[in-house]
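Q: One letter stands for each residue in the lines below.
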Amino acid sequence: MDAILAQLLNGLDKGGAYALIALGLTLVFGTLGVVNFAHGALFMLGAFCAVSFRQLITMETVTIDPEQLSPWGAPLEVRTPLAQTWFGDFGAVLVDYSVPLSILLAIPVMLLIGIVMERGIIQYFYKRPHAEQILVTFGLAIVLQEVVKAIFGPNPISQPIPGAVRGAFDVGAMIGLAPGALTYPLWRLIYFLFSLGIIGAVFAFLRYTTFGMVVRAGMADRETVGLLGINIDRRFTIMFGLAAVVAGLAGVMYTPLLPPNYHQGMDFLVLSFVVVVVGGMGSLVGAVAAGFLLGILQSFASMNEVKQVIPGIDQIIIYLVAVVILLVRPRGLLGRRGMMES
Amino acid sequence: MYRSPALEEDEMTNLKGFSRRGVLKGGLAGILATGVSPLIFTKGAYAQEFCNAPTGDTATLGFVMPLTGAYADEGADQQRAFLLAVEHLNGEGDGGMIPTFSSKTLKGNGILGKKVAYVTGDDQTKPDAGRDTARRMIERDGALMISGASSSGVAIAEQALCQEKGIIYMAGLTHSNDTTGKDKKRYGFRHFFNAYQSGIALGPILGDAYGKDRVAYHLTADYTWGWTQEESMIKATEALGWKTLPPVRTPVNAGDFSQYLTPVLNSGADVLILNHYGFDGVNSITQAMQFGMRDKQVNGKQFEIVLPLVSDLMAKGAGEAIKGVYGTANWDWQLGDEASKAFTKSFGAKYGQPPSQIAQTSYAQVLLYADAVERAGTFYPPEVIKALEDYEFDGLGNGPTTYRGSDHQCFKEIYAVKGKESPSNPFDLLEVVATASKESVTYDPAIFGGELGPDTAVAC
Chain A
22 MDAILAQLLN
32 GLDKGGAYAL
42 IALGLTLVFG
52 TLGVVNFAHG
62 ALFMLGAFCA
72 VSFRQLITME
82 TVTIDPEQLS
92 PWGAPLEVRT
102 PLAQTWFGDF
112 GAVLVDYSVP
122 LSILLAIPVM
132 LLIGIVMERG
142 IIQYFYKRPH
152 AEQILVTFGL
162 AIVLQEVVKA
172 IFGPNPISQP
182 IPGAVRGAFD
192 VGAMIGLAPG
202 ALTYPLWRLI
212 YFLFSLGIIG
222 AVFAFLRYTT
232 FGMVVRAGMA
242 DRETVGLLGI
252 NIDRRFTIMF
262 GLAAVVAGLA
272 GVMYTPLLPP
282 NYHQGMDFLV
292 LSFVVVVVGG
302 MGSLVGAVAA
312 GFLLGILQSF
322 ASMNEVKQVI
332 PGIDQIIIYL
342 VAVVILLVRP
352 RGLLGRRGMM
362 ES
Chain B
2 MYRSPALEED
12 EMTNLKGFSR
22 RGVLKGGLAG
32 ILATGVSPLI
42 FTKGAYAQEF
52 CNAPTGDTAT
62 LGFVMPLTGA
72 YADEGADQQR
82 AFLLAVEHLN
92 GEGDGGMIPT
102 FSSKTLKGNG
112 ILGKKVAYVT
122 GDDQTKPDAG
132 RDTARRMIER
142 DGALMISGAS
152 SSGVAIAEQA
162 LCQEKGIIYM
172 AGLTHSNDTT
182 GKDKKRYGFR
192 HFFNAYQSGI
202 ALGPILGDAY
212 GKDRVAYHLT
222 ADYTWGWTQE
232 ESMIKATEAL
242 GWKTLPPVRT
252 PVNAGDFSQY
262 LTPVLNSGAD
272 VLILNHYGFD
282 GVNSITQAMQ
292 FGMRDKQVNG
302 KQFEIVLPLV
312 SDLMAKGAGE
322 AIKGVYGTAN
332 WDWQLGDEAS
342 KAFTKSFGAK
352 YGQPPSQIAQ
362 TSYAQVLLYA
372 DAVERAGTFY
382 PPEVIKALED
392 YEFDGLGNGP
402 TTYRGSDHQC
412 FKEIYAVKGK
422 ESPSNPFDLL
432 EVVATASKES
442 VTYDPAIFGG
452 ELGPDTAVAC
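For the record, the sequence lines run as chains A and B. Numbering-wise, the first sequence is residues 22 to 363 according to this note's numbering. Numbering-wise, the second sequence is residues 2 to 461 according to this note's numbering.
Treat the hints as calculated values from the structure; they're not laboratory data. None of the values given here were measured: they were computed from a predicted structure. Where a beta carbon is used, it is the ideal one built from N, C-alpha and C, also for glycine.
Covered, in the sense of this in silico footprint (three residues per stretch, anywhere, with C-beta under 8 Å from a C-beta of chain B), are these stretches of chain A: (1) 22-35; (2) 84-96; (3) 275-282; (4) 322-336.
Could you build all of it, start to finish, from the sequences and the hints given here?
A: Shown next as structure tokens:
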């Protein structure tokens, strides 16, 4: 029982990341009708916002001390972090909390990247076939990842969890199990709650604001909304920016779980497309539900009891589900009737 | 793919000499040679016919390493070591381990008087990419010898290609028993130790530290190295009296291992053995720490984690998570012998950091090849192979060493290491807790089977 609950928790935490990426992807598809293969790259860029922020606040002065020798007999380089020289203890707190604090940097940067991407390239592809949209956004993703590789190098750069939330949390004690029966990494729980928060905020924004109402109307019938004298294009541009922010924040908070590298976006891209297909192209609720569902399935498929029955199932479960969905219900779990169906 | 300046220079000279008169003379000589030479010096001429026989002033070596992928950190250090070895062979720098090497054939004038040139390439930590890169180096760049790899999957693929092509392969970091076991090749040589030897070195240490009554849970990288390390560790720990739960195989470059780590705590195991290397090892041990595993008591005992193959680079990546964790290593820069000191000094002065175990093994392999060619007096591979087989040497950081002829595995000291609890400097990450003697890690080659195959030279 404890094992099942632990695996469920793991599935929810993995699903949180899938749902956040898929949400942004389906938001762009639902509003602009563009299949954005550069969406994974936005997740990666978000992660590198955290890396850049940390590199900024951990800049060091390097002085050569001829008095001391390194272990191999060369003069020793003494490194002093600037943040701590300038701000003292506050500097140390800044460094410790660099990942959550970098959200403040990631929001404006990702919004800007999203808007520039949409205005600069993607707007010219609205009326072109999906195949061309896929080609141009895929090309863009490759360019972005090569730029990141040129700046930050090919290797992953690890980001620390803030000291106060490192370690595991006794979830079992909260739900009445024996102490220590069900513990889970605190940061992973935070990531799960964070993803729920972001998903809730996006839904609330679309549901309860006038802006959101207009966007939803535009998603249903773009032409009519345009005829009413509303500049729907501008709102859709902002939605693209918003989708970039959602992907970026998912990337920022993911960095302590997996050190980001330039290729991370591609690793998540295929997965998030499968999530969107399973959930239903253009369905926001479907994307979120499918994200969590596939996270949980993947987690359970990785258990040895399951792997012993069907070897390698942990590697293919997600794609297997996608194949079954495409065969049985091509529009996805919650997709609109007619979507992807002839 | 990068090509060294020496190589470019050599090609330029060849091109410059390409004149009308030269072509006419060459053509005439060629016509005469095809008709006449087989009648006159058949044996000598054919004996020296082999792939990429050097004709100019340079000898080209091909270095293939993972510059991207799960083992990219290791690949970067491997590249540093290769370039340093080339420098030292060409007489630049302080000579590193050349002065401490027991063989005195290397004089800093290249190999057999030819300046050492090199090409480097990325194997992406993938066997097919490694094989393609090595093939390009052999077919296009004229590489006389291939060295590299940080994954046994890649090393075995490249070794098989080199056997086909008749090119000597000096393996880099490859720890699978298969490299010099069932997949061994006449043209392939391994200086690095293997998983079987890790088991011999680590077993007694684990017994002393954690007792005889333990239940182990294995997470294993799903390819040749992971499988053989898992097998060797199970053998070594079950000999102590430990029990083993069914091992779980994980994909290489999985990134997030949380779904495989989640079941560990409720499995009844009290030791987690991570058969992971490179970034995979860093990620899985860091994530295991996030699960609070080492703060747990299971079966009335402290929960422990073991990383049977560990390097300084992984220790650096894992940070706090590596402290107190046991593993094995081929070499450590803090070993006190003269060779290790000389190599660390040379490497540290050039790169501002001490060399890791992959740097030492890769550097040693280049020197061993160069020395074998010098001793053989020719680049002709069958002669070089003879010079390496059953060769006894010292002064490359592991004490007296033998390149066993029957499986091309080096036998030497290996080290049980532990993540240092309180490092004295940023590079002081692992401490050597025990040395397994050369004799204790020597085994009968028959236990792994395999055939070396022929040493016949192959024309390109």
